[in-house]
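Taking the hints into account, I'd like the entire structure generated from these sequences.
Same order as they appear, the protein sequences are chains R and S.
The opening position of the first sequence corresponds to residue 1 in our numbering, with each subsequent residue numbered one higher.
The opening position of the second sequence corresponds to residue 1001 in our numbering, with each subsequent residue numbered one higher.
No lab work stands behind these hints, which were simulated from the structure alone.
Heads up, the beta-carbon is just placed ideally off N, CA and C, and yes, glycines get one too.
Take the hints with a grain of salt, since some may be wrong.
Unchecked claim - Covered stretches of chain S, as calculated for chain R (at least 3 residues, CB under 8 Å):
(1) 1038 to 1048
(2) 1121 to 1130
(3) 1505 to 1514
Stated by the list, open to error - In silico lysine-lysine, DSSO-like type, Cα no more than 27 Å apart, as pairs:
(4) S:Lys1515 to S:Lys1401
(5) S:Lys1065 to S:Lys1489
(6) R:Lys110 to R:Lys170
(7) S:Lys1082 to S:Lys1027
(8) S:Lys1065 to R:Lys110
(9) S:Lys1082 to R:Lys110
To be verified - Restraint-style ranges between C-beta atoms, simulated for each label pair:
(10) R:Leu79 to S:Asp1102: 48 to 56 Å
(11) R:Val3 to S:Gly1252: 36 to 44 Å
(12) S:Phe1524 to R:Ala115: 51 to 59 Å
(13) S:Pro1406 to R:Ala75: 54 to 62 Å
(14) R:Glu175 to S:Asp1166: 35 to 43 Å
(15) S:Ser1384 to R:Glu175: 40 to 48 Å
(16) R:Gln193 to S:Pro1406: 47 to 55 Å
(17) R:Ala75 to S:Glu1155: 54 to 62 Å
(18) S:Ser1416 to R:Glu113: 49 to 57 Å
These are the residues of each chain, in order.
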Amino acid sequence: MQVKIQIARYHPAQGRFLQVYEVDPDKTLLENLIAIKEGVDPTLTFPLGCRSGVCGSCGVRVNGRERLACTTKVADGDLIEPLTSLEPIRDLVVRPAVESLDRAKAWMLKPQEAAVDEEAIRQIEVQTGCILCQSCYSSCPVFQEDPDFLGPFALSRAYRYLVDRREGEKREHIEAVVDHGIWSCTLCGNCTQVCPMGIDPKGDILLLQSWATRFGYSNPNLGGFGSFGLEF
Amino acid sequence: MDSDLLIVGSGVAGLTAAIRARELGCKVLVVSKEYPTQAQTTMAQGGINAALDGDIEGHVADTLKAGGGLADPVMVERICSKGPELIAWLDRIGMPFSRIQDRIAQRSLGGASSPRACYAQDYTGLKLLQTLYDRARSVGVHFLPNHYLLNLIVEEGRVLGGTLLDLERGAVRQQLAKATILATGGFARIYGNASTNRYGVVGEGLGAALRAGARVSDLEFVQFHPTALAGSAILISEAARGAGGWLVNGEGERFVDELATRDQVARAIYQQLEEGQRVYLDIRHLGEDFIDTHLPQERRLALLHAGIDPVHELLPIRPAPHYTMGGIDVARDWTTSLEGLFAIGECANPKFHGANRLGGNSLLEGLVTGWEVAYEAAQCQEASPAIEYKQTVKDRAFLQKLFDIPATIDRFQRRSFLERVLYHNAGLVREEQALKGVLATIRQHQQELSLMGLRDRSWHYNTDLLHFLEYGNMLEVAEAAVVAMEQRKESRGAHYRQDYPETRKEFQGHLLLWKEEGVLHTQFRQREW
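Laid out in structure tokens, this is it:
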């Protein structure tokens, strides 16, 4: 039995429009998109890759919530849209905001000799599963206020290197995530809700805030209330 | 954007070469048709081999034995010996290898005499690629995503760079470099949905090299992975068998040593399927805790794509095209047959795997070939004049013309037909007549290609155009591979001929293929050792 879904389409020459397609609810969304392209509408444009949820290419929104097309089934009336807060390219294809990784210096800054045991790896095991699918970025409300916000995946990745025992340079990591970073987050938790790999960027941002405090930074949003006017 | 070094492909091989060359002082540009971290490498699960215990000889011996006489002992020794040092390097830059206490954990994979595969749960490829990507960004490698390699620019036998399709603008871009490295991966996706590979793995680097006149070799050796999900061909890692998983038939009987080499296990499963049996992977006895800790991805994939929880149920599997051992022919000094052109990773054939690859050896090959070739490429210092070359003019005209050809034949239907023809007749078991039939089909499709035009007429990010180019390339690569399958009249490693079931001494060597004036030529070369 076929069901109907709506796809939000975009082409620079045609602008935005909605289109209805009939699809098979027993197949994944990605399989359906391919069937549409090959059999019905060759102009439909979407990203595709590993079809097993590890390459991060096929992030879209289904009824307003971020999903990987390859790990999602469709239901009657579903609305499929591209990810938000990212530059649209065509239909469901958007430009990933990977340059935020550079601003957040999300890499090993100064490797040092260190004993790395099971516990040390467990500490970064979930974060290192990030596939840069941009779901968290799309779900984040902060970009409405601050387009330069570093965003959840870049901050989680910065955290993952900061706490890596092999990392010999901690302060520089903190310095890189202070501006348009950890203090801009509203801690709404959308990112954590939508991550297909079970990463908790909100939690990582909270921990980054705590590290920043340890390095002498304070939350600028709290202003004078930060210490309640008391001397410590 | 000018650069010293043009690297096409962003998997483990491409990124390793990029990082190393950048650290050696080169300006490096990595071109990829999608985004860098979406490469096929992410799908590698089981691990990366290295003899961390110092037993390089053991690793070499296992690799040579699996290779069926076609793995070059010199290259095998060189690549295996470099393993431990580069694992240490990966560890330093942050690769989250799983641990046993404070040592890097290693697991057993098929054909290995000791547990040698370093892993990160069963997400080894994904985590490796993300780590390399972070490192590449930190050292200032430049990236050019959404660009598809059309052709190599060759002048007087020297490769000066490549022509690229800029997908977003629908325009041809000429990219010159002092050296060009192809790291474009294999071509196991020519079997379509039957393959474990991601979409688009049809060897555009291999095709471009063939069109440029480069020698390629050993294309007949296509590895079938023993355990893909029966319906969707989604890969279930060898780590499942390495940890003690069983293969059983419908009567619950085990019928093969689960940790024999992949060619042997795949054929044993095929036999069972031919006899009308179903074949299952059974990991129930490993227990839920173990599976969730060490094989979390396998459980997730089985649930999603087969609706089966392997903690409690048998998992129906079948062998699926997975990896191509052959590729652009690479000599012992890392050169290809064209000056200024290098090839690394799965698209290259430095004769490391021979006729059959060991699990865990492909990531190692990508890592080591990327690392070593960076040194060679960094020595290429000759810049080419920044003029517009013949190839660029030709490719611009070709692209224009492409929008004019009719679309009277359904390309998707044709492609899916050819994929099935290849799977059933040029797959795990082969024979003369069937292979000749496949070749006839391929050549017919090549002729019909000029009637399989674009149905999306937009110049802007046109994936119909991309698919057309990929299909044309697939026909070229498939033709070369099937010619090789037909000419090797023996069985060896992953190449099994029903009509020639024995291994024959006169075939102890490599079948080289190349094109002159668009025509395919072949030559058999006895091995050098």
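Whether the CB-CB distance between alanine 75 of chain R and glutamate 1155 of chain S falls inside 54 to 62 Å | At roughly 57 Å between Cβ atoms, glutamate 1155 of chain S and alanine 75 of chain R fall inside 54 to 62 Å, so the hint holds.
Holds or violated: lysine 1515 of chain S to lysine 1401 of chain S, with C-alpha atoms at most 27 Å apart = holds, 24 Å
Sort out whether lysine 170 of chain R lies within 27 Å of lysine 110 of chain R, counting only the CA atoms.
-> Roughly 9 Å between the alpha carbons, so the hint for lysine 110 of chain R and lysine 170 of chain R holds.
Straight-line Cα separation of lysine 1082 of chain S and lysine 110 of chain R no greater than 27 Å?
-> holds, 24 Å
Is 54 to 62 Å a correct range for the gap between the Cβ atoms of proline 1406 of chain S and alanine 75 of chain R?
-> violated, 39 Å
Hinted pair lysine 1082 of chain S and lysine 1027 of chain S, Cα distance within 27 Å | holds, 25 Å
Count the residues of the stretch 1038 to 1048 of chain S whose CB lies closer than 8 Å to any CB of chain R, then report whether that count reaches three.
-> It holds: at least three residues are needed, and the stretch 1038 to 1048 of chain S offers 5 whose Cβ sits within less than 8 Å of chain R.
Quick one: are phenylalanine 1524 of chain S and alanine 115 of chain R within 51 to 59 Å, going by C-beta?
-> holds, 53 Å
Does the Cβ distance between leucine 79 of chain R and aspartate 1102 of chain S fall inside 48 to 56 Å?
-> Given range 48 to 56 Å: holds, Cβ gap about 50 Å.
Quick check: the stretch 1505 to 1514 of chain S, covered by chain R? Criterion 3+ residues, Cβ under 8 Å.
-> It is violated, with 0 qualifying residues against the three required.
With a cut-off of 27 Å on the C-alpha distance, tell me whether lysine 1065 of chain S and lysine 1489 of chain S pass.
-> Holds, at about 21 Å.
May I ask you to test the hint 40 to 48 Å on the CB atoms belonging to serine 1384 of chain S and glutamate 175 of chain R?
-> For serine 1384 of chain S and glutamate 175 of chain R the Cβ distance comes to about 42 Å; the hint holds.
In summary, the structure is inconsistent with hints 3, 8, 13 from the numbered list given earlier, while agreeing with the others.
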